[in-house]
Amino acid sequence: MRATRRSLLKGLARAGFGAAGVLALPAALRPLPLQAAPLEKVKELGVLRVGLYTDNRPWSWDDGGKPAGIDADLARALASQLGVRADIALFLADDDIAGDLRNVVWRGGLLGFQPCDVMLHVPFDKILIKEEDNVAFLAPYHRETFGAACSADGGNCEAHPASFKGHPVAVETASIPDLYMLGQAGGSMTRDLIHVPTGYEAVAALTDGRADFTVATTAQIEAVVADHPDSGIKVRKSALPLMMSPGWDIGIAVKDNARTLGFALEEAIGAMIADGRMKALFAHHGVQWHPALAAQPST
Amino acid sequence: MKRRFSTIIGSMALASAALSAPVVAADGPSGADIANDAQTPGDVLSYGMGPWQQRFSSLDKLNTTNVTKLVPVFAASLGGEKQRGQESQPLVYDGMIYVTGSYSRLFAFDARTGEKKWEYNARLPDAIMPCCDVVNRGAAIHGNKVIFATLDAHLVALDRHTGKVIWNKKTGDYQAGYSATAAPLIVGNKVIVGNSGGEFGIVGEVQARDVETGELIWSRPTVEGNMGTLNGKDNGISGKTNATWTGDLYKTGGGATWLGGTYDPGTNMVYFGTGNPGPWNSHLRPGDNLYTASTLGIDADTGVIKWHYQTTPHDGWDFDGVNEFVPFDASINGKPMKLGAKADRNGYFYVLDRTNGKLVSANKFVMQTTWANGINLKTGRPNYVDDNRPGAPGTADKGKVVFASPSFLGGKNWMPMAYSQDTGLFYVPSNDWGMDIWNEPIAYKKGAAFLGAGFTIKPIAEDHIGALRAMDPKTGKIVWEYKNKAPLWGGVLTTHGNLVFTGTPEGFLKAFDAKSGQELWKFQTGSGVVGSPITWEQDGEQYVAVMSGWGGAVPLWGGEVAKTFKEISQGGMLWVFKLPKQ
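Protein chains in written order, with UniProt numbering: chain A, 1 to 299; chain B, 1 to 582.
Treat the hints with caution; some may be incorrect.
[Unchecked claim] With a cut-off of at most 30 Å between alpha-carbon atoms, the simulated DSSO-like pairs for lysine-lysine come out as follows:
| hint | chain 1 | residue 1 | chain 2 | residue 2 |
| --- | --- | --- | --- | --- |
| 1 | B | Lys566 | A | Lys130 |
| 2 | B | Lys483 | B | Lys522 |
| 3 | B | Lys458 | A | Lys130 |
In case anyone wonders, no lab produced these hints; they're calculated from the structure.
Here the structure is a predicted model, which means the values were calculated and not measured.
Could you put together the complete structure from these sequences and hints?
Written out as structure tokens, the structure is:
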């Protein structure tokens, strides 16, 4: 029998929720009432409530009152596959993922923010899965990585990041790119850094002369390039030396007792990946889709 | 009209009869009345019971000989489903008790019967995700208005008779992470407030507004390099740009003034403490990071910083410096001095010259401070223990685990201390706890990999976390202490009756002998007490009031500490006490 890394990881994720007594049984063997409830409820109400970060371009953001972005489009596609309408709730990020899962997935906000049926763009990570026993992590659908880019006249984008000393470098405040650049050239680039609230804005600073170099996520870089086709931004091709993050998978999260819904969404995501719709959805935003590491076949 | 007229007559009659007569005027208390609050024990017109916020009452009808007989007069529920932490201090004026509740609510109760007169519920956007519970710490009163701050960073003035909105001003953008929970400070015809939101890359600020209209008069950022304003015009930057910050980090430097301030009419300065710098990890922001984790003396008329004293330069432990700076007068080495005291999150009790911010003394008020071996009196700086600074993030593994004490919740958190003019002692609600802290290489924020810190808070003593300590500001010695199993999280009151009151998470309001620390009385309120008690005189009798309702930041952190409060239920109740009629 040929096992995939994906099924192994999923098994691990579900086994982590042993307290609820649910094993990773094939769908047909799961007890019916448990399987039916959350999914049936969504179908009955005709609405899938999806929680997305409110300020996370190109994934999700508020575009004049309308949720926009890759995850917003994915939310709509998933809802339509279930035959329901998507109700996208944009929420403000908490200090870390644990706060977001509490506010958005399993408890709700203290001031009336209703929990969502599902949250997208949730890191799919073994340790996180073990720590968070109120939610089920499913369907890793993309792999994120950090990359770099230069402005049109920003010089050699393949050079060592430390060679940009003395040039304006834009980074998201208190992010890994921030720390990475602070550590360059023996910590002497602190004066060169321009701190902005998001990675997208850091890349956008290359388009208007504010910055010559930036480190951001690959998706943020590709989206800005697509949004400013004439800006001449150069995307770095070589890896960033000693970058502390090798990348991470993102997937979805549902409440621990709503995994029937989660499985249905996982199936829908699997179908979108299989027939190329996922790739096209990403491409629509100028971003190249990369299969999650946890979802790639092992050899 | 008729009712108000008779009130005036009544108050005039009382005024001639007793010194403690409340200030009652048809148009409500003036700035001068509020500045004089500590001298009029017939009312409570301000947070802290006077501009110095000593929380000292000159009343002594209730005292060490009779406090055992203290009984409830009434209790009033804040009702509804909205419970959680009740950190408020009530105000008393003109036969009414005004008290704020969790979820940005303000209530008016009849001070004699407990009957609710009105209730105001701020309409809060459901998208707010408050970092540290949904508390509010109290209101201000001025003229016909009661004024309080809301979680969505608004300042709201209500008609004190009806609860109807007179003005409502946005003081910050909640979507950018700003919030507000502190009681406003009245100085003359100005209402002065700080801001909250320390964890989100904001910049701390103090704002003075016209109490009649809510319009901004001056603003003063607490991080150097940022511009202040006066009457709509630039009024100079705070400090000197890039003197203690590198690059542009000062633009998101933190330093929130989330606990509000005190006022000294003598120097005409307001004193505001400032929060920790951002980002959280100190290795990302070389330098002292002024004026974070500091106390600022600010000119009340112009918003200009007159002096600063930084308690934790280049903070790396989340040692917010927001704690209240309480002015007091005392003789040091035979010399009468204008002083102020602050029990800091970092575990040290500082006495400063309040005219110039010069350090007079600094002494530990907690069991342990692993991060520093004392404070250098010459330089005013801590003697850091470098090995005990949390490490630089960025390494691939978990890295060194550092034990730090106090924990990031502090030797003393928000809960205000009291100063007795009789005993000359400060009564400091403190906590003995530490934390393990390490780099978290696998953390996530907003869907992206992020370098965080992991931490576990834990007790450091077998028998207690909380400790109410009587501290002699002249010697730095702890005269007595009362130990409490759960962390203390409520304010303190002291009186001329030689009494000290404070609440416990276990649900008790307790009274102690101010000189000896002996526990004399306690009453179970039904939920944890994390509010600040008050006392006043009414109809010739002395009353005590406190809010009950467990919550605040403590329940957010689990581990060993959580065992001390896991059986405590939420609540939302105003309790009022007095001695039985003879």
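Against the structure, the hints come out as follows:
1. With a C-alpha separation of about 24 Å, the suggested pair Lys566 of chain B and Lys130 of chain A falls inside the 30 Å cut-off, and the hint holds.
2. Between the alpha carbons of Lys483 of chain B and Lys522 of chain B the distance comes to roughly 14 Å, so the proposed pair stays at or under 30 Å and holds.
3. Between Lys458 of chain B and Lys130 of chain A, the direct Cα distance comes to roughly 22 Å. Compliance with the 30 Å bound is thereby established for this hinted pair.
No hint from the list above goes unmet by this structure.
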